[in-house]
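For the record, the sequence lines run as chains A and B. Counting from 1, one number per residue, gives the positions in the first sequence under my numbering. Counting from 1001, one number per residue, gives the positions in the second sequence under my numbering.
Calculated directly from the structure, the hints in this document are not laboratory data. For glycine and all other residues, C-beta sits at the position ideal for the given N, C-alpha and C. Honestly, I wouldn't trust all of these hints.
[Said to hold, decoys possible] Some chain A residues judged to face chain B by a derived CB distance under 10 Å, without partners named:
#	residue
1	Trp35
2	Leu172
3	Tyr191
4	Asp192
5	Glu274
6	Pro332
7	Leu380
8	Ala384
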Amino acid sequence: MSGPPAPRADPTPVAARLESLLGAGAVTTAGCEAWATDGVVPRAVVLPADADQVAAVLRVCDQAGAAVVPWGGGTAMTLGYPPARADVVLRTERLDAIIDHDPSNLTVTVGAGIALRRLQEVLGAHGQWLPLEPPLAERATAGGAVASGLGGPRRLAYGSARDLVIGARAALAQGTVVACGGKTVKNVAGYDLGKLVVGSLGTLGVLTELTFRLIPRPESSRTLAAWASDMAAVAALARRVFDSALTPVAVVGVNAHAAARAGRGAAGLLVRSEGVEPAVRRHERDIGAWAAAVGMETEAFEGEAETALWKVVRDVGWWEDTGVALRASVPPGAAADLAVALARALPEGTAMVVHPGVGTLWLEAPAADAAVLIALLRPLVERAAGHLLLARAPAALKAAHEVWTPGPQARALALMREVKRAFDPRGTLSPGRFVSRL
Amino acid sequence: MTVAAGLLDELRAVVGDRLTTSAAAREQHGRGESYLPSYPPDAVVFPESAAEVQALVRACARHRVPVVPFGAGTSLEGHVAAVRGGVCLDMSRMNRILRVSFEDLDATVEAGVTHRQLNRHLEGRGLFFSVDPGADATLGGMAATRASGTTAVRYGTMREAVLALAVVLADGRLIRTGGRARKSASGYDLTRLFVGSEGTLGIITEVTVRLHGLPEAVSVATCPFATIEGAVATVITAVQLGVPVARIELLDEVQVDAVNRYAGLAYPVAPTLFFEFHGPSEGSVVEQAELVRRIAAGHGGGEFRWAQAPEERARLWKARHDAYFAALALRPGAVGVTTDVCVPISHLAECIVETKRDLAGSPLVVPLVGHVGDGNFHLVYVIDPNVPAELAEAKRLGERLVRRALAMGGTCTGEHGVGLGKLGFMAEEHGEALEVMRAIKRALDPLNLMNPDKLVPM
Chain A
1 MSGPPAPRAD PTPVAARLES LLGAGAVTTA GCEAWATDGV VPRAVVLPAD
51 ADQVAAVLRV CDQAGAAVVP WGGGTAMTLG YPPARADVVL RTERLDAIID
101 HDPSNLTVTV GAGIALRRLQ EVLGAHGQWL PLEPPLAERA TAGGAVASGL
151 GGPRRLAYGS ARDLVIGARA ALAQGTVVAC GGKTVKNVAG YDLGKLVVGS
201 LGTLGVLTEL TFRLIPRPES SRTLAAWASD MAAVAALARR VFDSALTPVA
251 VVGVNAHAAA RAGRGAAGLL VRSEGVEPAV RRHERDIGAW AAAVGMETEA
301 FEGEAETALW KVVRDVGWWE DTGVALRASV PPGAAADLAV ALARALPEGT
351 AMVVHPGVGT LWLEAPAADA AVLIALLRPL VERAAGHLLL ARAPAALKAA
401 HEVWTPGPQA RALALMREVK RAFDPRGTLS PGRFVSRL
Chain B
1001 MTVAAGLLDE LRAVVGDRLT TSAAAREQHG RGESYLPSYP PDAVVFPESA
1051 AEVQALVRAC ARHRVPVVPF GAGTSLEGHV AAVRGGVCLD MSRMNRILRV
1101 SFEDLDATVE AGVTHRQLNR HLEGRGLFFS VDPGADATLG GMAATRASGT
1151 TAVRYGTMRE AVLALAVVLA DGRLIRTGGR ARKSASGYDL TRLFVGSEGT
1201 LGIITEVTVR LHGLPEAVSV ATCPFATIEG AVATVITAVQ LGVPVARIEL
1251 LDEVQVDAVN RYAGLAYPVA PTLFFEFHGP SEGSVVEQAE LVRRIAAGHG
1301 GGEFRWAQAP EERARLWKAR HDAYFAALAL RPGAVGVTTD VCVPISHLAE
1351 CIVETKRDLA GSPLVVPLVG HVGDGNFHLV YVIDPNVPAE LAEAKRLGER
1401 LVRRALAMGG TCTGEHGVGL GKLGFMAEEH GEALEVMRAI KRALDPLNLM
1451 NPDKLVPM
């Protein structure tokens, strides 16, 4: 924990003060169980209307020693350790404005609470989109996607939240609002504070506004799936694709259990290509030929079927409320081999998705298999110079297993504590939730 | 401030005779390539390992003496100026390429390796490192200044290129940030905190960067335009349509004229776009280029001139890369005062046109080049160093340019960095965020010894 220990909050006066600040309708103290983070139930839930109100809420809570947990769409609240304290849940739902869409600059500035789905609809009308596809994107907010730092299948081509956010505003624990970056793709003036906030799970500040780079919607998009009897064939085909001059936007291997969610019965490699029609055709032709040469059956997906297929892939790890999800991150060249090694050893009923170009694997399994999975994965991932995230698990499991392994080196951790202290000296924001329970 | 003899002995104990206090070496290490005067350090040392850097930094901390890292000395905003004296760490002898992975598309190098050295090492192996700021800077320096260059529109800047770092902190501890997994390691993104920190938080000793596969097909073209607006509108439309151009550079008519004179070329004296197209096949490159040609024609673009053969392409890009020297050659004996700003591309034409109107009222010759795909452009004020009024005029125009860029939602520098030159704009651009930067600086460098008085005014 950083900073001087905050006194244990007395929530009643805090709730009353928040109510006088925001108006009665914007503060709830009943039914707070629905806003628990890993079972930690807040005393009050607040719905500030704008960035100034967010800052005011934080100032009041910081002074009163009340811990605040920011909450967007609530889709990624299982990330991290159970917070040490969660007195007030701050919902960003009302910060939902499209503040400035600059189509010719290919940027958009939005309130952090905007639902990604609505943002994509507005951008779509201009032939643009934000290539950010976190799990459960239909319910996620822009701010939540950035704070969780979770990527999607097309990260291979378009980068992660870290690459797409070029500007941000955040309210800090002591009630100041800071801006970093802006509407330009390049900026070298000052420390890159915005990048610290990405993936920080709301432990440095509450995002109130974000500026993203956008991309034009492609003329064509299609996905070729090549099905195989085992993961080795999938990995070999992926290697063939990466050794070629092709530039697919997503290359993902799935095991049979993951494919079953999409109504298919085999392991497979899914390759999505986007762009001008001749380029998409070239991908289909080449990959189709390579797959046929090793006896893999292929299947083309387009339109709604393609969207549905990728939604399944995107959400592996986030299907069931009762299960566990693990994410392994390894150097890109090691991912396919790791998937092959795992395919032979995984407990029955484990879904696996591998992104070989990015170096990410997602695994989802019944909670009962968690200990086996963790014991299997940890040494393999560490040998590959990677790390493992227990992304979703019942609180009891998190008490028994570290969420991030390996944790940061002691010296790096000391620096992270300093960073936390510079942003949030009293430990008001989601205390204990982040890496090493910062 | 002069360095105590005791400290010099301690430094010599670490690096032996790789230490100099000669006036010439100190003078050379106190300046980059800018017009700014030299602020010589009291001593220059040439470490050969991270362990030596640690020992040097610890010795300086004991004596409360500032430490200024020095890569290739190509900075344009006084980043290497030893404004409070102190010890300059010249990193050029830490120049080993430690590891290249063809499977993972990354490489780890010591901080003194230059980007050309790395690319020579990769030659013939199908990979390249994409960030090219023009000068042959070191990767440590490029990481410290978040450098970019002509290919940023396609491949990004050092912000995207750096995967991991080793950094010696103010108290001599060595930390490793990030990792070879693309998903950054657990915790806050310290890698990006150090990228662009201009040596104010620590000394970068090792850099792991992302590499890219060489494109199968490359072609280059130039196209003159009747107006700047037409050129910028062409770029915007091309980007809107998702044409994956690898470089789009703008030279204004003053710069084209300078290039013609300098290199004996005969480009039409008009605002001109230089394009480079990368693609997986000749066909895809031709298709991209043809699309851009049609867009340009719709915006007052003239004839496209093509270069496909590698030597032709190199010749064409040399004209662009020599822009600075061509500008200086306009006026023998002159020096160049450079500045850069970055604005949203939707404001780029407006910003350039207003800036050129401003320049038209000035007696100075000021060529303009821009990485227009990023909204980033540069000016070179060609001035007589012996006429103080000319430097004052360049500074006046430069300040007006920065204010214009900030008013349009831009930033006071897209590439060159803050250093000393733009320190005065930090409060204006950042407001409250500057306090957070200060808090970070104080936390990591409580004695304010790491390249003091740069980037973050304390």
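request  = List, from low to high, the hint numbers that the structure doesn't satisfy.
outcome  = Hints 1, 7 not satisfied by this model.
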